[in-house]
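Going down the list, the sequences are from chains E and V. Residue numbering for the first sequence is 1 to 197, as defined by the working numbering. Residue numbering for the second sequence is 1001 to 1262, as defined by the working numbering.
Hints are computed from structural coordinates only; laboratory data are not their basis. You may find that some hints are simply not true.
Stated by the list, open to error - Quick list of in silico lysine-lysine cross-link-like pairs, DSS-like style, CA-CA up to 27 angstroms:
(1) E:K138 / V:K1150
(2) E:K86 / E:K28
(3) E:K192 / V:K1223
(4) E:K150 / E:K86
(5) E:K86 / E:K43
(6) V:K1119 / E:K104
(7) V:K1150 / E:K112
Unchecked claim - Listed next, the stretches of chain V that the computed footprint assigns to chain E, with coverage defined by at least 3 CB atoms under 8 angstroms from CB atoms of chain E:
(8) 1117-1131
(9) 1237-1243
What the hints assert, rightly or not - Now the in silico label distances, taken between C-beta atoms and shown as ranges:
(10) E:A21 / V:F1060: 28 to 36 angstroms
(11) V:Y1077 / E:Y101: 27 to 35 angstroms
(12) V:G1085 / E:I119: 25 to 33 angstroms
(13) E:K25 / V:E1261: 36 to 44 angstroms
(14) E:M20 / V:Y1201: 53 to 61 angstroms
(15) E:K104 / V:D1048: 44 to 52 angstroms
(16) V:E1050 / E:S109: 28 to 36 angstroms
(17) E:L166 / V:G1166: 45 to 53 angstroms
(18) V:F1060 / E:I14: 21 to 29 angstroms
(19) V:P1057 / E:I115: 33 to 41 angstroms
(20) V:K1088 / E:Q151: 45 to 53 angstroms
Cβ atoms here follow ideal geometry from the backbone N, Cα and C, with glycine treated the same way.
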Amino acid sequence: MFRKVLFILISLTILTQNLMANEQKNLKEHFLKKIAEVIVIVKNKENNKSMRNSKIVATLTPMFDFELMAKLSLGKTWKTLTAIEKKKFVSLYVERMKKSYSSKIDSYSDEKVEISSLIQPKNNRIKLITNLVSQNEKLEVVYKFYKPKKQKTNKDRWLVYDVIILGVSIIKTDKAQFKEFLQTNNISELMKQISAN
Amino acid sequence: MRYLVICILSFSIVFFTGCSNKSVPKKETIEKSAIQDSQEDLFLDEFDDEFTIEEKPDPFNSYNRKITSFNDGVFEYVLMPISKGYDKVMPDEVQNSIANFFENIVFPIRLANNLLQGKVQNSIEETGRFIINTTIGIVGFFDPAKSYFKLEAHKEDFGQTLGYWGVGAGPHIVLPFFGPSNLRDTVSIYPNSLLNPSIYYHHRGYNLTKNSKHSLYVKAFQKVNESSIQWQRYEKIREDAVDLYPYLRDAYEQYRQKQIEE
């Protein structure tokens, strides 16, 4: 009896570990595939700038949960917003993210993206540690993924909710600056400022 | 615990909507959105501890804000035009080589601080890098240590050493021309500069510069060269700022924290 239970327990652990390893492998491959797609778009000289950027954004959007990022960046303030404000804030934030990403792509020149390691602290969280390697330096970029309980429509199974560049978290810095801005201004002024940028 | 709350909430919603199903149909939708909200709150709470911002006193806030906009002005109207012009006339290879040279001569700072943190392996590698790059790399203009010998740099400074031994960052201080810093890193400027051969100290045995004025010119040149490589980076960072001072402050502190942890 004891042996049977032990056997079942061990095989269950091995099974779940296999599943996890498989999931991790899939995520890595998916990520590299996306990056490769982006590089193809960047290198295609036929695209003009705005066409190229919108193509890149379209490629990457399924991998990011911009909505969640918008909510997290407001911290406790999020809960105090009215439904209309919430909707407006999310759409402004998403626009800003896309614009910011496109502008970063503009300065791209032959850097390579390498995966250095992957950490799965929880069943539904994965940290993908990558390096942006250029001729004379290596920048560490960490992508934090989570797995929503139910897959969202038009979205990947695992979604990025924060990007950490050289130890600097996008969400954290946004949260800090929004918080300080909101100490002397209200939410509509913040939204005005975001859309003005 | 969270599941329990969800269970209770959903049970009560089911129960109440069940009771009032026919009499007040509108209530159902109201409560549905209420439960969606509370579920969303619970979901967001799961991420809370990853993004807690340390409530740190910021006694120099108003001074720092002024210096931040001063620095921003210096960058935009002085440093950037010069760096852009310099970038246009200088080939990238030359810019990188000059940056390599300045990186190589501050080897004493890296060695001392790797040793002060007990990082023996890194100290050996840094020494190896210095010897290779000073000789084969022609006084440090090239970095064969990395490209051929696969020896990565281990940048350490005195601020990181203090942080490593548990000294806190202290209040954030924005320095004119130098940019974001904190008390710990500001104090560390002096010990770092003592080990920097390009900064002139009369009583020190080794000086690569003839006098303080000379040393200042060299420093300015180094700064221009550095920003000629990186000016786009600061511009891109600045674009994302809604409020520049807290944005740069937080980015700097997170970046330093990461360097200390490595």
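Hints, verified against the model:
no.: 1; hint: E:K138 / V:K1150; result: 13 angstroms, holds
no.: 2; hint: E:K86 / E:K28; result: 33 angstroms, violated
no.: 3; hint: E:K192 / V:K1223; result: 36 angstroms, violated
no.: 4; hint: E:K150 / E:K86; result: 22 angstroms, holds
no.: 5; hint: E:K86 / E:K43; result: 38 angstroms, violated
no.: 6; hint: V:K1119 / E:K104; result: 35 angstroms, violated
no.: 7; hint: V:K1150 / E:K112; result: 17 angstroms, holds
no.: 8; hint: 1117-1131; result: violated (count 0)
no.: 9; hint: 1237-1243; result: holds (count 5)
no.: 10; hint: E:A21 / V:F1060: 28 to 36 angstroms; result: 50 angstroms, violated
no.: 11; hint: V:Y1077 / E:Y101: 27 to 35 angstroms; result: 28 angstroms, holds
no.: 12; hint: V:G1085 / E:I119: 25 to 33 angstroms; result: 45 angstroms, violated
no.: 13; hint: E:K25 / V:E1261: 36 to 44 angstroms; result: 28 angstroms, violated
no.: 14; hint: E:M20 / V:Y1201: 53 to 61 angstroms; result: 57 angstroms, holds
no.: 15; hint: E:K104 / V:D1048: 44 to 52 angstroms; result: 28 angstroms, violated
no.: 16; hint: V:E1050 / E:S109: 28 to 36 angstroms; result: 32 angstroms, holds
no.: 17; hint: E:L166 / V:G1166: 45 to 53 angstroms; result: 23 angstroms, violated
no.: 18; hint: V:F1060 / E:I14: 21 to 29 angstroms; result: 57 angstroms, violated
no.: 19; hint: V:P1057 / E:I115: 33 to 41 angstroms; result: 40 angstroms, holds
no.: 20; hint: V:K1088 / E:Q151: 45 to 53 angstroms; result: 50 angstroms, holds
The structure is inconsistent with the numbered hints 2, 3, 5, 6, 8, 10, 12, 13, 15, 17, 18, although it conforms to all the rest.
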